[in-house]
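Undergrad: Now for the letters of each chain:
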Amino acid sequence: MIKFIAKRLGSGLVVLFVVSVLTFTLLYTSSGSIAQNILGDQATPEQVALKEEELGLDQPLFVRYFAWLGDALTGNLGASWFTSEPVANALATRIPVTMTMVFTAMILIAICAALIGVVAAVKRGWVDRVVQIGAIIGDSIPGYVIGVFLVTILAIQLGFFPATSTISPGVGPEAWVYSMTLPVIALLINGVTGGAQQIRSAVIKQLERDYVRTLRSRGIGEREILFKHVLRSAAPAGLTVLSLQLIGMLGGVVIIEQIFALPGMGPLAVTATTQTDLPVVMGVVMYTVVVVIVVNLLVDILNGWLNPKVRVS
Amino acid sequence: MSDSVETAAIAAPVPAGQSGTVVRSTVMRRLLKNPMGIASLAILLTIAALAILAPVIAPFEENFANISKTLAAPDSVNIMGTDSAGRDTWSRLLFGAQLTLLSALLCAGVAIAIGLPAGLIAGYYAGKFEAVSNWVVSILMSLPGLIVLLTIRAAFGPSVWISMIAFGILISPSYFRLTRTAVQSVRNELYVDAARVSGLSDLSIIARHIFSVVRAPIIIQTAAIAGVAIAIQSGLEFLGLGDPTKATWGVMLSEGFKNVYLTPMLLLWPALAMALTIGGLVLLGNAIRDALEDGEKIKHRKKVVSAESTTADAAKARPSRKSVAAVETGTEHHLVKVTNLGVGYPQADGSIKKVVDDVSFHVDRGEILGIVGESGSGKSQTAFSILGLLPDNARIVGGSIQFDGNYTVAPGEDRVSQERLSKLRGKRISYIPQEPMSNLDPAFTIGYQLVTPMVRVLGISKAEARQRALKLLTDVGITNPERTFNAYPHEVSGGMAQRVLIAGAISCEPDLVIADEPTTALDVTVQADVLDLLRELQQRLNIGVILVTHNFGVVADLCDRVVVMQNGRLVEEGTVREILRNPKEPYTQTLLGSMLEGKTPMTMLVSKPGSAAEKEPVA
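Listed in order, the protein sequences are those of chains X and G. Just so we're aligned, residue 1 is where the first sequence starts under the working numbering, counting upward by one. Just so we're aligned, residue 314 is where the second sequence starts under the working numbering, counting upward by one.
No lab work stands behind these hints, which were simulated from the structure alone. Some hints here could point you the wrong way.
Taking lysine to aspartate or glutamate pairs in the EDC-like style, the calculated list, with each CA pair at most 16 Å apart, reads [claimed, not checked]: (1) X:205 with X:128; (2) G:736 with X:222; (3) X:51 with X:41; (4) X:205 with G:705; (5) G:897 with G:885; (6) G:666 with G:677; (7) X:123 with G:705.
Quick look at which bits of chain X chain G covers, simulated, 3 or more residues with Cβ under 8 Å [as the list claims (entries may be wrong)]: (8) 106 to 115; (9) 135 to 145; (10) 176 to 182; (11) 201 to 212; (12) 282 to 291.
Far from chain G, by Cβ distances over 12 Å, these chain X residues were calculated [what the hints assert, rightly or not]: (13) 40; (14) 50; (15) 55; (16) 71; (17) 78; (18) 79; (19) 156; (20) 160; (21) 162; (22) 163; (23) 172; (24) 251; (25) 275; (26) 276; (27) 307.
Beta carbons are placed, not taken as given, at the ideal position from N, Cα and C, and that holds for glycine.
Based on the provided sequences and hints, a complete structural model is requested.
TA: Below, the structure written as structure tokens:
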């Protein structure tokens, strides 16, 4: 098992390295005259050249990359070109907001989708039809559109919730709950409808497996078959569904935060993107990829624990 | 849109030998019969038409601003009102549709152009290319789409087309995986082998035989991906990261959101347009899938119904009176007594497809009864109704089943009583399945799967059950029971797994064992061993056995009596000797002929040279 984890961890690190190389190359070779961009149109060529030297842009790409990598390994992701704030600091103040939201939504999705999906698979009938229709509706309306309407109706028209965040450093948990309720709902609706449907299919697939019939023929009760055997075998598929949901949510949360004016990673990323603030963009990409890799590693480990065959091979 | 639908229709899952036009028309017709299909097509075609005609029908240019008329309510000039710059909402919606649909097509096109060929090659040739592409796929799939698009935006500036190309690349794994899986599943099919042998080049095999398999799933996938592309493209525009000179639904949504306190109606139109378009695509994908699945079902049904439609009428005419009569005659005591059993499956059109009809037989303790027939003859369905393990949608449409004098299916009941059978299953009736590997739960050790039923059914302790399990494993001829006990199913061979399943079947000392083709999935050498084992156990424990098989060799080897089934009905019954020596029904004769012709008899027959061995197998 330790060998298995080490292998997965190793491949995760390779992915992280490859993504960092690709992103760095893409950002620093394509975005035109960065110094000009920062200084504005009035800047003289001399000023631009000076700025380029200051930012190290006059050096070859791979030199810059390894400089960045060396710094990054010590936790230094560079500083914003516009605010001079260290990227690591900027991320550190914003990540708690984003990740609280993402993981709250994720936990709720996991619980709701699994419950609804399993019930739909086992009971079929009307529950199943509701799940199917729900999946179609959920697939048809992007989460941020749901978010926009939640704000418009529940916050602006009815005044149940604040339309924009009341989160600031040092506020109590009440403000968090108050501010986060709508964004979390907007984040999780698609996840619940889609997840429930996929978990339903995974469970049905397992229920139709030969070994389930054989277990029945041996006198094992339905409850034990469902909870011990079927759900265990369906779990890897369910975990994969959830991990893909999480990856999608790391992007979706950017828009949701913008809608609810939450001081998370989203506004930081959007501003950095429009300003071509490359160190910040790079930092955001790296952070999300690390989150994804860690989550995938956890999913792999859980799958390995659930399925002995994965562990061996 | 109409283009892709047509292609979808051709791609019914009949890869070779079917005339394309016939299949297309039937799938197309089914799609059009389905209200969901019609509605989605109508919505999408309307939106597409409006988008194409936007320059003609839009009353204003997309960026024409009447600054004296901002945030106006709908009137005769601006039928949906105007935004904060005085631009006409309806016109912008139309031009937005154009851009949205084009960007969705671009994204799907790029994704197909990358994912499809890569998937075909990886699936067909496997090897290094597959390994590398799998690795690339795992990277692409661990990147959150929107974050990547932010990076692309930072690198290349605000261009809808560049971001949609990038998103196409990012989402291409979904086509890749779909294609690879589909190709892998047909790569070694006979017709592909045949094409290879007949000298077709790989390229034309891929083009002709394999590509046709993946067309349908690709169309369905494209509908889904176009929807995702629209959502993410509009999301980027909503964030203000798009091209400011273009009217898009995302920009309009954001414009509406900025003015939500003044004119919330501005939000409604772009949101509605998005929901309709994406919803239309989702529904279309579902409708095509349904049309294709229905096609398979109908084809399958036709095969069976043609044989059974004649008997179905007779069955309908037969009232329950007869099954009552059958009970009255059933005075003699058998271990299992099946009387006039009928099993059917309700169909979509309300009729019932019969798979077992008017079947009667009995089994006594210490006796092996063979149920013989080809696939689809209803022999397994009969066996499963005795076990009470029919699929959920199956119905008992006539007759009764008694086990040891008690009804498990009483006359007039349309389901097997799970309540009664759950007391018998495992304890007194047990089951040996056909395919050893798939009948063991891969997540649990063999020991666990042997011990648990004994603990549950016999109520003995785990330690005791473990002792018994080890003894059973020895009994079924496993030389190192301790090791097998601790092994996971994938760590043992097929023959070994079948021995484990036999051990499981006899573990709670049943009175009746139902074996469904217990040797079919095994090597010939192992088959003989397993049959020997079955006979030895049956004699030692004095149990009744129902052996379901298509193989008269197995029957000759093992059975005392045999019933022959064809198309759900029982055609002949007798002792093995009678049936093998002197089959009366032509069906049995053909079955026997086809079994023995050109094969060495499985019995110890010392035949004189030239004697017709195939006519005289000794049971």
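Undergrad: Looking at the structure, which of the earlier hints fail to hold?
TA: Structure breaks hints 6, 8, 10, 19, 22, 24, 25, 26, 27.
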